[in-house]
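Residue numbers (numbering that gives the first Met the number 0), protein chains in the order written: chain D, 0 to 260; chain Z, 0 to 190.
Hints were generated in silico from the structure; no laboratory data involved.
There's no promise every hint is true.
Stated by the list, open to error - Looking from chain D toward chain Z, a few residues come up when the C-beta cut is under 7 Å (computed):
#: 1; residue: 18
#: 2; residue: 56
#: 3; residue: 57
#: 4; residue: 258
These numbers come from a predicted model, not from an experiment.
Beta carbons: idealized from backbone N, C-alpha and C, even for Gly.
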Amino acid sequence: MSCDVIRELLEAYALDALDADERAQVDAHLASCAECARVARECADASAMLPQALAYASPIELPASLKSRVMQSAQATSTRARVRTRISIAPRQWSAWLNWRTLGFAVAALLMIVAFAWAFQLNTALAQERALRAEYANLVGQQETVLEVIDSPKTIKVLLKSPTGTPSYGKLYTRPDLSDVVVMAARLRQPADGQSYHLWLSQQGQLRDVGALNVNAQGFGIIVFNAGKNAPTYDAARLLLQRDGASASDGQVILSWDAAK
Amino acid sequence: MLAARVARHDSNAFAALYDRYARMVYVLAAHMLGPSDAEEATQEIFMRLWNKAAQFDATRGSFAAWFMTIARHYVLDEVRHRRQQPTYCADDIDQLIATPRDDVDIAEQAWLSQCGAAAQRALADLPPEQRRVIVLAYFGGMSQSEIAQSLAVPLGTVKKRIRLGVRKLRAALRAQGLLPALELGSSTSKK
């Protein structure tokens, strides 16, 4: 394509609005045309102003506590990377490297990342790490299952929201090729004495109590269970706050999701 | 370059880039995914910066364009994963950007806020049909063909609106000296 033709496409290229074949043609041209590449960069700079305009126009405020969590996650990643580097010094084949011990460490490290993402309102980094290590020490038998379910391109994730607008939320993870199901919830208040959170899932209109969801000090809880067959599908999910020993789904709805909505 | 320092896992440089871009990323995620997912998305996007900063090539464009492309792709992937309608958020964003804000004293704002104000004014001044296609493309993640189908207008019309709209936007931003000043990833902050 000539420069004149390419120039007509650069605005849409900067907005990522070209169809795949046009984008490929522009990519090929820009690799060998400095002047068109310069114009493309200016268009890209202009499009980068769009989120800035939105940030200016929006009344939404950035939570002040988010920065410390982001910094902690970055530091945790660096620490794990250093450990991985030390491990890699040993002259092992890749297949040997994936022994159970290493895999166990990787599972624990990945779960820490999940925990950092979900554990909000923490007081200090040390307290957080101690709490999370204790929490996940109880989940040793489930670690591999959790990662298999939540950390895959095949994972299907739905969001459970608070019907009353509280900051609590949850996620239900399934996979079409697995029968295991993972449900996580965060920002939950501690239940009062005599009360507990119960997860109810509906299949073809039939609600079933999956079990109690125990909440840690940071308001985070997780349930892992086997649905009995691959590709479990649900049409609704409810996290209820119920009296201990309650058998019917008659508690307060804390989080909900409906496939029909 | 701050990005080069982040590639070496310099926490101070990472914190500086967080201060400059976090609100932009968070607001983008909050409008497109909802407030309950915005924190997780922001954290994930900044972790990508932490882990991939070495891939940034200053000769190919500005840090702002590179990083906001990462943020936009992450958020749009999440939107598509949920099978959420792309126009779901674009409607609100279009309306928000088109509405003038009179309650802010621009003279007292930091440099980034001034840039945002100028960009918002430039967008608000575009003809509504041109702004609409730009918002649908960028925030809705739609191709020109998809926009044409969604708006029930000829593809050629959409192409023309995008071309004219972005050209006007560039001209307005360049007239205010904002395009060359967009190199937010450099260590010479004007903040």
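Outcome of the hint check:
1. 18: Residue 18(D) check passes; min Cβ-Cβ to chain Z is 5 Å, inside 7 Å.
2. 56: Given a least distance of 5 Å, the restraint on residue 56(D) holds.
3. 57: With a minimum Cβ separation of about 5 Å from chain Z (threshold 7 Å), the hint on residue 57(D) holds.
4. 258: Violated. Min distance 11 Å.
Consistency with the previously given hints fails for number 4 only.
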